[in-house]
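J.: So you can see what is in the structure, the chains are spelled out below.
There are 2 protein chains.
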Amino acid sequence: MPKPQKHVFVCVQNRPPGHPRPSCSQKRCIEVAEEFYWHLQERQLFDKVQVTTTGCLGPCSEGPSVLVYPEGVMYGGIDKADVAAIFDEHLQNDQPVERLQVSKEFWG
Amino acid sequence: MPKPQKHVFVCVQNRPPGHPRPSCSQKRCIEVAEEFYWHLQERQLFDKVQVTTTGCLGPCSEGPSVLVYPEGVMYGGIDKADVAAIFDEHLQNDQPVERLQVSKEFWG
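These protein sequence lines map, in sequence, to chains E and P.
Those letters in the first sequence? Residues 1 to 108, per the working numbering, in order.
Those letters in the second sequence? Residues 1 to 108, per the working numbering, in order.
Fair warning: there could be bad hints in the mix.
The list makes no distinction among identical chains, and a pair is therefore deemed to hold if it is satisfied within one copy or across any two copies.
Stated by the list, open to error - Calculated pairs, EDC-like style, for lysine to aspartate or glutamate (alpha carbon to alpha carbon, straight line, at most 16 Å): (1) K80 to E34; (2) K104 to D47; (3) K6 to E71; (4) K3 to E71; (5) K27 to D94; (6) K48 to E98; (7) K6 to E89; (8) K48 to D94; (9) K104 to E71; (10) K3 to D79; (11) K80 to E42; (12) K80 to D47; (13) K3 to E31; (14) K3 to E105; (15) K104 to D79.
Everything labelled a hint here was simulated from the structure, so no lab data went into it.
Bear in mind that the values here come from a model prediction, so they are computed numbers and not experimental data.
From just these sequences and the hints, can you work out the full model?
T.: Here it is in structure tokens:
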């Protein structure tokens, strides 16, 4: 198994209704994770890109959160429709998508 | 919330008994994750180190698996007793612990 050039971490943290802290699961992060896996398969990038689901990544209010290493780029408010751009621009062309990143207040 | 200098990902993947693929949960990875959180608290490294639990990281046969970014160093066969060394040598002194890394066959 190769070490990936890009490793995508998708938060799938859940919290019960009424919990004071929001969670990515409340904001349909599962669809986001599925979309990453779909593109990985569709584009056959298994040797270059790895996708892993995670517990809480931190900036819960800004979720769904997606973190890409080795750069350490934190994306926020991601929905299914954003995933193709992250593949096209960042994962396959090494240009992180500025407009989808959380502000420095949350990760900087 | 600061971007961490070191981000530790601890696999907590579970699989049912009899599943053909081993899992880190069968090999007491929960204790490993708890030990990372314990040291993080004890050493008060919240501004420098982040610890996140994950689904499968890949090298299941070599688990429990622990991955550190931005370097992309994959540790295997980690137990509670190894965690202090990862803090001392790698997370706080920037020297990855060679003896605990998986071989290139599994991550290289």
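J.: Does each hint hold? Answer for all of them.
T.: Results for each hint:
1. K80 to E34: Intra 9 Å, inter 33 Å, cutoff 16 Å: intra-copy only.
2. K104 to D47: Between copies only: 14 Å across, 31 Å inside.
3. K6 to E71: Both: 8 Å inside a copy, 12 Å across copies.
4. K3 to E71: For K3 and E71, the Cα distance is within 16 Å both inside one copy (15 Å) and across copies (11 Å).
5. K27 to D94: This pair counts as neither: shortest intra-copy Cα distance 27 Å, inter-copy 36 Å.
6. K48 to E98: neither (22 Å within a copy, 24 Å between copies)
7. K6 to E89: within (12 Å within a copy, 25 Å between copies)
8. K48 to D94: Classified as within: same-chain Cα gap 12 Å, cross-chain 26 Å, threshold 16 Å.
9. K104 to E71: The answer is within: 15 Å in one copy meets 16 Å, while 22 Å across copies does not.
10. K3 to D79: This pair counts as neither: shortest intra-copy Cα distance 27 Å, inter-copy 22 Å.
11. K80 to E42: So K80 and E42 pass the 16 Å test inside one copy only (15 Å; across, 39 Å).
12. K80 to D47: Neither way: K80 and D47 sit 23 Å apart in one copy and 31 Å across, limit 16 Å.
13. K3 to E31: neither (26 Å within a copy, 26 Å between copies)
14. K3 to E105: This pair counts as between: shortest inter-copy Cα distance 10 Å, intra-copy 31 Å.
15. K104 to D79: neither (20 Å within a copy, 35 Å between copies)
Checked against the numbered hints listed earlier, the structure breaks hints 5, 6, 10, 12, 13, 15; every other hint is satisfied.
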